[in-house]
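Visitor: Read top to bottom, the protein sequences are chains S and X.
In terms of the numbering used here, the first sequence is numbered consecutively and its last residue is 303.
In terms of the numbering used here, the second sequence is numbered consecutively and its last residue is 133.
Some clues are possibly wrong.
Partial pick of chain X residues on the chain S-facing surface, computed with a CB cut under 8 Å [said to hold, decoys possible]:
| # | residue |
| --- | --- |
| 1 | CYS61 |
| 2 | ILE68 |
| 3 | ARG72 |
| 4 | ALA85 |
| 5 | VAL88 |
Counterexamples of contact, computed for chain S against chain X with all Cβ distances above 10 Å [to be verified]:
| # | residue |
| --- | --- |
| 6 | GLY2 |
| 7 | VAL32 |
| 8 | VAL59 |
| 9 | THR98 |
| 10 | THR117 |
| 11 | ASP155 |
| 12 | LEU158 |
| 13 | ASN205 |
| 14 | ASP226 |
| 15 | ARG246 |
| 16 | ASN258 |
| 17 | GLY265 |
| 18 | VAL301 |
I should point out that these hints are in silico values taken from the structure, not numbers from a laboratory.
Glycine is no exception: its CB is placed at the ideal position from the N, C-alpha and C atoms.
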Amino acid sequence: MGVMRLGFVHLRVTDLEEARNHYSNTLGMHVVAEQPGKLHLKCWDEWDHHSLVLEEGGVGLVKLGYKCQTAEDLEKFERRSQQFGATTSRVSKGENLTVGDGVRILLPSEQTIELYTEMEFSGTETGSLNPEAWPRNIRGAGTNWIDHALMPAEDPALVERFFMECLDFRPAERAVTDPVHPELIGTWMYCGESPHDIAFIKGPNGKLHHFAFHLGDWNDILKAGDIFSMDDVPIDIGPTRHGITRGVTIYFFDPSGNRNEVFAGGYRTGPDFPTITWTEDQLGKGIFYITRELNDRFTTVFT
Amino acid sequence: MTQVTAGTTDSRDPAVSSPRDAEDGGAWVTVLPGGVRFAARHAETVLGAAMRSGFRYRFGCRRGGCGICKVRLILGEVRYERPIASSVLSDEERAVGVCLSCRAVPITDIIVELQEGDRLRQGSPFGLKLAGH
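Kindly produce the complete structure, drawing on both the sequences and the hints.
Guide: So, in structure tokens, the structure goes:
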């Protein structure tokens, strides 16, 4: 019961055709539906109708969709969010293509999320009966699924408390200024068993830091890096490893400047997972475990 | 990274950039502080020309999304060949000469000033000769 996962990302792009090329040919998604000024895409390993909506005009995040298990979950989360003081509204079936009724919430950090329980099922590319390991027509980096998103927040502690109290997320890892008088500067939170389904770091409200695509392993990350070089994709950092989540990673930018990540690995969490703490003096190692140095861009570039 | 020593706007060291780049539909870009000059080729952005010429300054996504590479256009004109989000570069900023250098293409010779605290650095490990050396 509860929130299952990040179901879709709805993103603004300055040029829809450049974005189509990046997300389909470079990252390997498929366009599943087109509307005027909008594209819907999914990765080969995803079974719902879409996981990415690209909307032409501007840059940055329109909203994130988190899929929940039951209608009772939606009602509970709506009620708790209102009690917390967040602004909520109802989303009607069909307002998002093939998505059922939902609840829209303006987070304390001013990004919008929508909770829903139903999206048209279209199946993975390899199917559910005696499936092959991967599709033969895989393109580019061949990303498996959209995994998580990280956003800046002026008050990370407030938005962490919102996700814990209202949506039953737990922090897998937290970054604090110092352990004696801790001020929260980052939180990596999960709702299932992955290391993070959403994360926040200190920064301006209402913006996107990145959203991530899952890949199988370190070799897939390296191959993705090769594809990025072939396609002249601007790299932020990587390939490297995160101390936080222990995942392996490359950060890069889409043709509108929105930051993407390819991510593999990490550990398993669960309701009894003991939260890990990083102190600010070790945060370089926490974010980029191998180089142990934060680059300026990581804490300043948002869309 | 080596700090770039100030050159003059008149120096045209061919190792830095070829005058032909500027003459073939391109333009000269002079960067303040320091006055180092390099050529932008036809349809090449200010940041793109700087990086090709072996220079670096503060930049972010290089795709017009974050605004980290904004500079001030002191002299000359640029154009944008791709749509720019108003949330990244507002009309007010454009009016006072703020220029998004990863997307701005010079259409005349230009002089730009880096943001306060930023400086032009030599980015090439092979030590391209710099103006003023």
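Visitor: Please settle this one: S/THR98 was flagged as non-interface, so is its CB more than 10 Å from every CB on chain X?
Guide: 28 Å, holds
Visitor: Just checking, S/LEU158 versus chain X, shortest CB gap more than 10 Å?
Guide: 24 Å, holds
Visitor: Does the claim that S/THR117 lies off the interface hold, with its Cβ farther than 10 Å from every Cβ of chain X?
Guide: 32 Å, holds
Visitor: Closest CB-CB distance from S/ASN258 to chain X, is it above 10 Å?
Guide: 6 Å, violated
Visitor: If we take the beta carbon of S/VAL32, is the closest beta carbon in chain X still more than 10 Å away?
Guide: 25 Å, holds
Visitor: S/GLY265: least C-beta distance to chain X exceeds 10 Å?
Guide: With a cut-off of 10 Å, S/GLY265 remains clear of chain X, as the shortest Cβ separation is near 25 Å.
Visitor: Test the statement that S/ASN205 is away from the interface with chain X: the closest C-beta pair must be farther apart than 10 Å.
Guide: S/ASN205 is indeed farther than 10 Å from all Cβ atoms of chain X, at 14 Å.
Visitor: Just want to verify: S/VAL301 was marked as not at the interface with chain X; is every Cβ pair farther apart than 10 Å?
Guide: For S/VAL301, whose nearest Cβ neighbour in chain X is about 4 Å away, the distance does not exceed 10 Å, so it is violated.
Visitor: For the hint on X/VAL88, does the least C-beta distance to chain S fall short of 8 Å?
Guide: 6 Å, holds
Visitor: May I ask you to test the interface hint for X/ILE68 with respect to chain S, counting a Cβ-Cβ separation under 8 Å as satisfied?
Guide: 6 Å, holds
Visitor: For S/GLY2, which was marked as not at the interface, is the minimum beta-carbon distance to chain X over 10 Å?
Guide: Since the minimum Cβ distance to chain X is about 33 Å, S/GLY2 lies beyond 10 Å and the statement holds.
Visitor: Does X/CYS61 meet its interface restraint, that is, does its C-beta lie within less than 8 Å of any C-beta in chain S?
Guide: 4 Å, holds
Comparing the model with each earlier hint shows violations of hints 3, 8, 16 and 18; every other hint is respected.
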